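Those protein sequence lines, which keep their order, are chains X and V.
Heads up, the first sequence is in this note's numbering, so the first residue is 1 and it goes up one at a time.
Heads up, the second sequence is in this note's numbering, so the first residue is 152 and it goes up one at a time.
Honestly, the hints are just simulated from the structure, not real lab data.
Careful, some of the hints might be misleading.
As the list claims (entries may be wrong) - Ranges of calculated distance between the beta carbons of each label pair, as one might list FRET restraints:
1) L111(X) to E478(V): 50 to 60 Å
2) R65(X) to A516(V): 39 to 49 Å
3) R14(X) to T489(V): 30 to 40 Å
4) D79(X) to L529(V): 34 to 44 Å
5) P30(X) to T489(V): 40 to 50 Å
6) E478(V) to L32(X): 11 to 21 Å
7) V425(V) to P30(X): 25 to 35 Å
8) I18(X) to L477(V): 48 to 58 Å
9) R65(X) to T489(V): 39 to 49 Å
10) E478(V) to V149(X): 29 to 39 Å
11) L495(V) to P81(X): 26 to 36 Å
12) R14(X) to L529(V): 21 to 31 Å
13) G208(V) to I18(X): 30 to 40 Å
As the list claims (entries may be wrong) - Selected chain V positions facing chain X (Cβ under 8 Å, derived; list incomplete):
14) V275
15) H484
16) I519
17) L521
Since we're looking at a predicted model, the values are computed, not measured.
Positions of the beta carbon are idealized from the N, C-alpha and C atoms, including for glycine.
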Amino acid sequence: MSRPTSGAPPRRLRLWLIGALVLCLFPLAPRLVRPLREQLQLPVTPVDRTDGRRAREWLFLDSCRPYVPPGARFTVIADEPHAEMSLFMMAIGLFPESRPLPHSHFLVPALVQAARAKYVLEYRRSTPADPGARLVARVADGAVYERSVPP
Amino acid sequence: MTSLRFLVALLAVPVLGAGAAFHPSLRRYGALARAGAALALGTVALTLTALALTLAGIAWTLPALAAPPLAASLILGVAWSRVPAPAHRAFRPSTGVAAAAGTATGLSLLLLAWTFLAAEATSVDLLFFWGVKAARFAQARGIDTWLLGWPYFSHAVPEYPPAVPVVLAWAALAAGRMPWRLVPVTSLLWLAAALPLLVGLLRRRLTDDAAAAVGAFWVAALGASLAHSVSGGNAEAPLLFFESVAVAALLVEDDGEGRFLPALMLAAAALTKVEGSVAALLVVAGAAARDALAGRRRVLVRAAALLAPAVLAVAAWFFFQSRSGLEVGYRSHGGLLTLRTEFLPAILVSGLSALQAGTFGLSWAIPIVLLAAARPALGRLLPALALVLGLFAFLAFDYMHDTADPSERIGWTAPRVLQPALSACILAAGLASLGGAGRPGRLRDAEERPSPP
Chain X
1 MSRPTSGAPP RRLRLWLIGA LVLCLFPLAP RLVRPLREQL QLPVTPVDRT
51 DGRRAREWLF LDSCRPYVPP GARFTVIADE PHAEMSLFMM AIGLFPESRP
101 LPHSHFLVPA LVQAARAKYV LEYRRSTPAD PGARLVARVA DGAVYERSVP
151 P
Chain V
152 MTSLRFLVAL LAVPVLGAGA AFHPSLRRYG ALARAGAALA LGTVALTLTA
202 LALTLAGIAW TLPALAAPPL AASLILGVAW SRVPAPAHRA FRPSTGVAAA
252 AGTATGLSLL LLAWTFLAAE ATSVDLLFFW GVKAARFAQA RGIDTWLLGW
302 PYFSHAVPEY PPAVPVVLAW AALAAGRMPW RLVPVTSLLW LAAALPLLVG
352 LLRRRLTDDA AAAVGAFWVA ALGASLAHSV SGGNAEAPLL FFESVAVAAL
402 LVEDDGEGRF LPALMLAAAA LTKVEGSVAA LLVVAGAAAR DALAGRRRVL
452 VRAAALLAPA VLAVAAWFFF QSRSGLEVGY RSHGGLLTLR TEFLPAILVS
502 GLSALQAGTF GLSWAIPIVL LAAARPALGR LLPALALVLG LFAFLAFDYM
552 HDTADPSERI GWTAPRVLQP ALSACILAAG LASLGGAGRP GRLRDAEERP
602 SPP
């Protein structure tokens, strides 16, 4: 059975309602001062507006995907150690059908692991890590190389 | 199409747990509230099925994952639907309150959806481990135990309980792959699913107007907080859902009432994050203390029964770890009593700034002021207050184990981890200030109140 309320809401009830409406202003206010067109742009990566560096790294990995066959072992190399770590972490999820191997992990080199990789994704490097590797493709912020490794 | 299939699969999780909607304690609530309970049961059942199939060496398929939860739901639903239950009472807030609360609720959800869609609040942890596990589990058609045990996967906290990766993997299986940009948006579903249940529970102690007002404040505060703490796509939103409903259910329960809903929610919380187990302990301790203070009977037995599903859920995960050759249990941040008290000032300062919650602290300040003004019998609010105070204490204890100044870590973890505390604070304050748990003698079921003339 419903219990209809009568008359004006009591003071505390109004405070809760006003509070709820006031709280809405905090996420709303930034929207009112930024250009709408900019806000309506769909993101390219999941972290476009929360972590620009990760977004750029994500784009790099995503653009490498067509060049790494399913099941292939690959590693990611970057000059900047923190970038290399986050690239490795993201690559595990972004290449679920392949096998990423670390070139370093938490800034500790893992060269034995990386040596088993057939594909090398090089992020923002001017020269290839392995001069004997074959260039597969140049992508945004880097390149994909293929090299001979024991099976 | 990938995104659509992913979304449909996520929305189908309540179907897997539909039996919960027929539990006699839940039939007094509206359809959306009951769907929220079904979502919790679906999550728990799906997670346990995923563990069992992996242990049995059976590859995950949608039918294989869905069949056991559906069968269990069918059996439970049929059995429970035969048990008499209180009648559902239509939700009818007054026009003015409905307009104000509806505006705040709708605006909050809309703004949060926009924030998530625009990738303005995506947790980077989605890309580092939550989504990574889901994508790999879906690809492996099982929990990839090799990956979890790989030393170079240690960054992904492989010992974390599996509910969120399993639910995302279920949806990724249906979609064919992970729609990474969509996943953060799904955090909104958990917030939206919590609201009808919370309002339904609050209505047991409050008028429809009061429940609508507290519900609107809750969703506005937590919506702003989820965006501010950059929680899109990680486990914070589901954890918030489970813990909030558990707290609300315990705050409004009658003496001796069955505890199916809070027990289910605490089990789901324990399967979601390590903090979920901590919360389960705190909430159960709070409920037991409240019952003991009120002179209720069988306090310990009822507390044990409330905690048991959460304990069993964690035990199932630890059993899985053990059978899969993984390290069993959760990693600690150092020796239990190796505390660095010199970090306390930094913890206090950084912890206070973590209370901004995207509203310069108003989300905390308003309920605290209203709670204090109500001068409530605090004992009645212990299920919520134990979570609020206990989470602060737990976090301070955890941060004191750091080997370097924890300020930076507090900056990005505390705003997330404290969200269930904010939720519990709002629920307790709402009940206290609007008449449900004020001074002794005022705790009465709204349905038992005489109708106004």
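Quiz prompt | Violations among the numbered hints | solution = Hints 1, 3, 4, 6, 13, 15 and 16 are the ones this structure does not satisfy, whereas the remaining hints hold.
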